[in-house]
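Protein sequence lines correspond, in order, to chains R, U and V.
Just remember that the working numbering sits 12 ahead of the position in the first sequence, which is counted from 1.
Just remember that the working numbering sits 137 ahead of the position in the second sequence, which is counted from 1.
Just remember that the working numbering sits 10 ahead of the position in the third sequence, which is counted from 1.
Calculated directly from the structure, the hints in this document are not laboratory data.
Please note: incorrect hints may appear among the correct ones.
Examples of chain R residues toward chain V, derived with CB under 8 angstroms [what the hints assert, rightly or not]:
(1) R28
(2) A48
(3) M50
(4) E67
(5) L69
(6) P70
(7) P81
(8) M100
(9) F115
(10) L130
(11) T134
Ideal placement from N, C-alpha and C gives every residue a C-beta, glycine not left out.
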Amino acid sequence: MAGSASVLSDGSLLSRIDKRLEKLEWVMAFVSGIGAFMLMVLAVVSVTGRNFFNEPLPGYVDWIEMAMPLIAIFGIAYVQRSGGHIRMDILIGQLKGRVLWFFEFMTTFFILVLMILLVWGTWSHFDRSFDFSAPNWSRDSSIDIGLPIWPAKLVVPVAFSVLSLRLVLQLIGYGRALVLGLDRPVAVPLVQSAAEIAAAEAEQI
Amino acid sequence: TEWNVSVWGKRRAFTEHIHKLAELVEEKTGGEFTMNISYGGLSKNRENLDGISIGAFEMAQFCAGYHADKNRAITVLELPFLGVANLDEEVAVSHAVYAHPAVAEEMAQWNAKMVMTSPMPQYNLVGTGDPRDELSEFDGMRVRATGGLGKAFSAVGGVPTSVTSSEAYQAMESGVVDTVAFAQHAHLSFGTINQADWWTANLNPGTVNCPVVVNIDSYDGLSDAHRAAFDESVDEAIDHYLANYGSLLERWDSVLEEKGVQKVMISDDELAKFREVAGKPIHDAWLADMAAQGLPAQELYDLVFSTLEKQRMSN
Amino acid sequence: MTQIEIGLWVTGGMFVLVVLGMRVAFAAALAGMVGLIWLRWDQFGYDPDRFGKALEISVKIAGQVPHGKVSSQALSLIPTFILIGYLAYYAGLTRALFEAAKRWIAWVPGGLAVSTVFATAGFAAVSGASVATAAVFARIAIPEMLKIGYDKRFAAGVVAAGGTLASLIPPSAILVIYAIIVEQDVGKLLLAGFIPGIFSAFIYAALIITMALTLKNFGPPVKGFTWKERFVSLPPALPIVAVVVIIIFFVYNPFGGDAWGTPTEGGAIGAFIVFCMALWRGMRLPELKDALVETAKLSIMIFAIIWGVLIYVRFLGFADLPSAFSDWITSLEYSPMLILVCILLAYAVLGMFMDAIGMLLLTLPVVYPAVMALNGGEFVSAADSTFGMSGPMCAVWFGILVVKMAEFCLITPPIGLNCFVVAGVRPELSVQDVFRGVTPFFVADAITIALLVSFPAIVLWLPSLA
Ligand code: NA
Ligand code: NA
Numbered sequence: 013m014a015g016s017a018s019v020l021s022d023g024s025l026l027s028r029i030d031k032r033l034e035k036l037e038w039v040m041a042f043v044s045g046i047g048a049f050m051l052m053v054l055a056v057v058s059v060t061g062r063n064f065f066n067e068p069l070p071g072y073v074d075w076i077e078m079a080m081p082l083i084a085i086f087g088i089a090y091v092q093r094s095g096g097h098i099r100m101d102i103l104i105g106q107l108k109g110r111v112l113w114f115f116e117f118m119t120t121f122f123i124l125v126l127m128i129l130l131v132w133g134t135w136s137h138f139d140r141s142f143d144f145s146a147p148n149w150s151r152d153s154s155i156d157i158g159l160p161i162w163p164a165k166l167v168v169p170v171a172f173s174v175l176s177l178r179l180v181l182q183l184i185g186y187g188r189a190l191v192l193g194l195d196r197p198v199a200v201p202l203v204q205s206a207a208e209i210a211a212a213e214a215e216q217i
Numbered sequence: 138t139e140w141n142v143s144v145w146g147k148r149r150a151f152t153e154h155i156h157k158l159a160e161l162v163e164e165k166t167g168g169e170f171t172m173n174i175s176y177g178g179l180s181k182n183r184e185n186l187d188g189i190s191i192g193a194f195e196m197a198q199f200c201a202g203y204h205a206d207k208n209r210a211i212t213v214l215e216l217p218f219l220g221v222a223n224l225d226e227e228v229a230v231s232h233a234v235y236a237h238p239a240v241a242e243e244m245a246q247w248n249a250k251m252v253m254t255s256p257m258p259q260y261n262l263v264g265t266g267d268p269r270d271e272l273s274e275f276d277g278m279r280v281r282a283t284g285g286l287g288k289a290f291s292a293v294g295g296v297p298t299s300v301t302s303s304e305a306y307q308a309m310e311s312g313v314v315d316t317v318a319f320a321q322h323a324h325l326s327f328g329t330i331n332q333a334d335w336w337t338a339n340l341n342p343g344t345v346n347c348p349v350v351v352n353i354d355s356y357d358g359l360s361d362a363h364r365a366a367f368d369e370s371v372d373e374a375i376d377h378y379l380a381n382y383g384s385l386l387e388r389w390d391s392v393l394e395e396k397g398v399q400k401v402m403i404s405d406d407e408l409a410k411f412r413e414v415a416g417k418p419i420h421d422a423w424l425a426d427m428a429a430q431g432l433p434a435q436e437l438y439d440l441v442f443s444t445l446e447k448q449r450m451s452n
Numbered sequence: 011m012t013q014i015e016i017g018l019w020v021t022g023g024m025f026v027l028v029v030l031g032m033r034v035a036f037a038a039a040l041a042g043m044v045g046l047i048w049l050r051w052d053q054f055g056y057d058p059d060r061f062g063k064a065l066e067i068s069v070k071i072a073g074q075v076p077h078g079k080v081s082s083q084a085l086s087l088i089p090t091f092i093l094i095g096y097l098a099y100y101a102g103l104t105r106a107l108f109e110a111a112k113r114w115i116a117w118v119p120g121g122l123a124v125s126t127v128f129a130t131a132g133f134a135a136v137s138g139a140s141v142a143t144a145a146v147f148a149r150i151a152i153p154e155m156l157k158i159g160y161d162k163r164f165a166a167g168v169v170a171a172g173g174t175l176a177s178l179i180p181p182s183a184i185l186v187i188y189a190i191i192v193e194q195d196v197g198k199l200l201l202a203g204f205i206p207g208i209f210s211a212f213i214y215a216a217l218i219i220t221m222a223l224t225l226k227n228f229g230p231p232v233k234g235f236t237w238k239e240r241f242v243s244l245p246p247a248l249p250i251v252a253v254v255v256i257i258i259f260f261v262y263n264p265f266g267g268d269a270w271g272t273p274t275e276g277g278a279i280g281a282f283i284v285f286c287m288a289l290w291r292g293m294r295l296p297e298l299k300d301a302l303v304e305t306a307k308l309s310i311m312i313f314a315i316i317w318g319v320l321i322y323v324r325f326l327g328f329a330d331l332p333s334a335f336s337d338w339i340t341s342l343e344y345s346p347m348l349i350l351v352c353i354l355l356a357y358a359v360l361g362m363f364m365d366a367i368g369m370l371l372l373t374l375p376v377v378y379p380a381v382m383a384l385n386g387g388e389f390v391s392a393a394d395s396t397f398g399m400s401g402p403m404c405a406v407w408f409g410i411l412v413v414k415m416a417e418f419c420l421i422t423p424p425i426g427l428n429c430f431v432v433a434g435v436r437p438e439l440s441v442q443d444v445f446r447g448v449t450p451f452f453v454a455d456a457i458t459i460a461l462l463v464s465f466p467a468i469v470l471w472l473p474s475l476a
């Protein structure tokens, strides 16, 4: 579930970088949240405009589609930082010490490889819609009011790049724990039992 | 050789030429060259051109209006009131424009080569309530129409309202829009005809243009025999499409009757007024805009009308 | 190797990664990416020189998915529904609902438990998430039940079970996700959840009343509220009614006129009402900031699974696996109803170990076409179909069934998250206590599911009007 796992910190360089990156990640997640709020405002404007002034918002759907990547993807690194992406922890919840860090290291490494490939793929998706010499730099436009789409497409590789940075930090964190045999390493989300997750979930409400 | 072909929705009149092409090619090559036609499994419809450029699949269909900036040159074919009267003319005009070097050059940027068009009849309106058969009644009308058509309706005071084609039925039912502009087959497959009280038989404001393209590398990589089989089959595939759509159009009147939809004829005076407001000015704006972007706009525009003329003389 | 074999290997690999604890979203995306590369390289005859090309094409195909699939108007319902839930808390709607339910219905046997069930059903109308509903009511309802002598395990069970109603009664994030994955009308699915949700609530209530009448020393009814007290309790809970009415009217107008708009707009207007209410109740900028960041986190987590799974689905499209699976299912020589029941039971087992959204997203791309094929195809008419309903109606019916299944799994051991949440909120309760207390509700849920399977009309009546 999307509760926040605990991430420990100390005065080490790793931990300080973790804190610094977290600030950026929080801002990005907040922007996603504002996007969700704007979605609501946009609908209110559209419905009142249509029903009371016979003046529907031109390009309502276009604007929603432009905003969605910002809402749905931009803050992804913040969720990863707190271990918020869901997983099945029935096995990993039983593990301790070096075995646990080994599994965490491996799965995080796989995610990093995936994300680097996806930065490449999503950048190329953006790049095909972007043309420096075209009006509005646009080589792909929305269906109704012809908004250039490249800004929305650019959101994705940017978000994934920050996520990749976050994954590198977590790899270092797990790597340290694996080598040094640490019990409570800093800068990585610590595995919580289902009960702990539930407690954190309840805490938010 | 097996080609993947990306289209969307479900099999309908709009995709019949692709099935026919696949069938003919397979037959002519003794089963050596086959096509696997996928409805939405390989790409989202608005990204088919991207898929071609990546090399994800070898052949695809797309519509110019989905993303004008990807295919500026062929948007000339979506201008309102070009005066295209039937599907044969639509094919002639489209293929003439597709053959223009400016179009080929723009498609080459996507690693794509034009194969054929998917000709569609004029996008007439269905609507609810009292028929709107005078221009003044278009004022304040919320109409689902995209691209050049949307511009045409807003020129007479209509309010183009964006809903996707799959939401069109619900938008009409819920009063988000009063009217929807589609070709006949789409009024059928998206169900807007079931919601309608009337249909404009002769408004004929224009249509959308949806070509079928191939990936250039894949096309060039075909053996000579396979490429010949492919090239030879295109005209036959289009003929099949036209015959099939023709029979759908023949059924159209009985569909209207069955659904209790009134056929609305708009007077010549009103049509002339509409053309005057929504035709010329929009054409001029398109010419200026595209010329400013370095396209041979006037040439493409003239090509449309000279081809129309030629097509009419030959009949 | 055939495409199907590659498809099966990759799918197996994905489940191994998921079991090893890799985040579901990324496990699915990685499986899809590897599968795309494998397929393409297979096509190139495993020529080492062309591996780079296979990689490039596959990476670019996968790179289209996150932006392309997320940019959808229908999916914009998800953040909106999540936002409503967070705002509803600040609007004080939960306590108001419980208070009103108590004053109006607690006079029946087992009254406070019945009130809790209906209050959770009411809260479900502004909350899209079961777990949040259970957490909120564990705080409010359990202490009151304990005060008048309810068994603590039973009190906990009522709340854990009541929480599951949130995913059936609209708004429901999980129903929107289902609709998107299977490409069906979101509005129809949301409407379809309404009656089964209320129906579940009544079955729970019937169960509680039966227990109160047959067992000794079972929680006594609460009597003695005056009519004045009852009516006074209504206004604070009214925004819920407003939200329900608005969402329904934006999907379908029960009085036969035009609906007021699209579900997307309805959800957003509902959120706006709750937002105004929360402002009025004293929500200020810091609380709003929290609500927005929490909304973003939950939305992003759900969307990550959506685009991750859709990369895997894009690979399935190239590998043609779903059609192979549905060919296999339809070739089985068992009765279609038996196969359907087996599929539902498989969900019950899988749901014991997996999160509901992850489970549905991972399995539906393959299972859904098979179920549609069982019924006779996506475009089949009711008359020609196996289950006696048209293709789109079958999609709605199956959707409600699997969502009800997934909700059932929220209260079953070993992972039933609702039970953990309730135990987490109440210091006096252990997880075992909650699991024991919720056991009677398994019976209620089993009855509900059996009835929904046997009488599809319970699900389909409302959407068939729209
Ligand atoms: Na709900
Ligand atoms: Na506890």
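Tested hints:
1. R28: violated, 23 angstroms
2. A48: holds, 4 angstroms
3. M50: violated, 10 angstroms
4. E67: violated, 15 angstroms
5. L69: violated, 11 angstroms
6. P70: violated, 15 angstroms
7. P81: holds, 5 angstroms
8. M100: Check passed: Cβ of M100(R) comes within 6 angstroms of chain V, closer than 8 angstroms.
9. F115: holds, 6 angstroms
10. L130: holds, 6 angstroms
11. T134: holds, 4 angstroms
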